[in-house]
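In case you want the letters, here they are:
Number of protein chains: 2
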Amino acid sequence: MSEPKSQNIQWHGANLTHEAREEAVGQCGCVLWFTGFSGSGKSTVARRVEELLLLGGVFAYVLDGDNLRMGLNKDLGFSPADRTENIRRVGCVAQLFADAGAVCLTAFISPYRADRDQARAMLPEGRFLEVFVATSLEACEGRDPKGLYKKARDGKIPEFTGISAPYEEPEAAEIVLQTEGRSVDECAHEVIAHLRTRGLIK
Amino acid sequence: MSEPKSQNIQWHGANLTHEAREEAVGQCGCVLWFTGFSGSGKSTVARRVEELLLLGGVFAYVLDGDNLRMGLNKDLGFSPADRTENIRRVGCVAQLFADAGAVCLTAFISPYRADRDQARAMLPEGRFLEVFVATSLEACEGRDPKGLYKKARDGKIPEFTGISAPYEEPEAAEIVLQTEGRSVDECAHEVIAHLRTRGLIK
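One line per chain: the protein sequences are R and Y, in this order.
Read in the numbering used here, the first sequence has 127 at position 127, and its numbers run on one by one without any break.
Read in the numbering used here, the second sequence has 40 at position 40, and its numbers run on one by one without any break.
Source of the hints: derived by calculation from the structure; they are not laboratory data.
Please note: incorrect hints may appear among the correct ones.
The list treats identical chains as one, so a pair stands whether inside a single copy or across any two.
Straight-line distance between alpha carbons at most 20 angstroms, and here's what the computed EDC-like set of lysine to aspartate or glutamate pairs gives [claimed, not checked]:
#, residue 1, residue 2
1, Lys150, Glu138
2, Lys151, Asp117
3, Lys74, Asp99
4, Lys146, Asp64
5, Lys74, Glu85
6, Lys156, Glu141
Just so you know, these numbers come straight off a predicted model, no measurement behind them.
Model the full assembly from the supplied sequences, consistent with the hints where possible.
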């Protein structure tokens, strides 16, 4: 057996502190947690914010149903327990992205306050911003881009948030986003202004 | 009901292509999948690579037992099924980081070839690099930094890889890392040279 190099392996592994990491990446890791009804505009605004941040040199990434339900959460359905586990995993992944130094945007209905608070509890103070996309149920149902509200009204989708399942509004969201009568860009810039004001990005 | 702005919400959401994202972040998203025995040096080398990349302006992040078992995978134990689910989730999260444009390093024993191949299959060609940390079982057991081999030999840890559970060596790892008789820095620089050669970082 050759001389074990365990000393080397143990000693030379000194890593960056979290502060040094953020200094190196030039931004603060944080989570922008978008919540609201189906059709409220969560994903659309989040993706526009992501795009503007990336073009401005900020490392940002959106987690939403599109990239989560196909992979990490493909074993989960829509029962209350599965929805809670879905949001738990999203929170954990968002925490990892924030730990890495990214601006992580999540876009899920996330109707239960307890689930959102659990995600919040995983982040340091000031690094979790709840973004309540406050589009009214009436407006969302009027948009109904995927025809889901119609199906829910017809009883074809059980436990549909706002129709046959509850939505617990945030009580102290860091950002309350009005989307009705406003463009996606207006909404996106409002979110980015919040990040700047809080010193999370330059 | 006010005028629905669904057109705005739908139309203005044009997003960056994956190519434009990588252009914006200035690097190629990829996964460096470290595999090898307990004590082989996977985490230590991965964390040193991460540190050097960050200091060089590359967005990088290590997924390992420390940050996964406490959060995302805290519901999982060490049964074969749980190990497979553990690695499945790690693969999915690594894929998300790579999709975001990061260099994602994973450091798990990941003893089963099928599990590693499943993770590989989630990435585009050339974006998954298997790093076989080829420290011999004898050297790992000689190091035994956490005293785990001793416990395993004493029968106190069941299904311990290399002692009482199998390790399936990679057959075509992109990088085979010899650690015995070498420093952590030598190993880390070898990995980084591979990234440069492949054009994944500048």
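Here is how each hint holds up against the structure:
no.	hint	result
1	Lys150 x Glu138	within (12 angstroms within a copy, 65 angstroms between copies)
2	Lys151 x Asp117	neither (30 angstroms within a copy, 40 angstroms between copies)
3	Lys74 x Asp99	between (24 angstroms within a copy, 18 angstroms between copies)
4	Lys146 x Asp64	within (16 angstroms within a copy, 39 angstroms between copies)
5	Lys74 x Glu85	both (12 angstroms within a copy, 12 angstroms between copies)
6	Lys156 x Glu141	within (15 angstroms within a copy, 59 angstroms between copies)
Figure legend: structure checked against the earlier numbered hints; the only hint not met is number 2.
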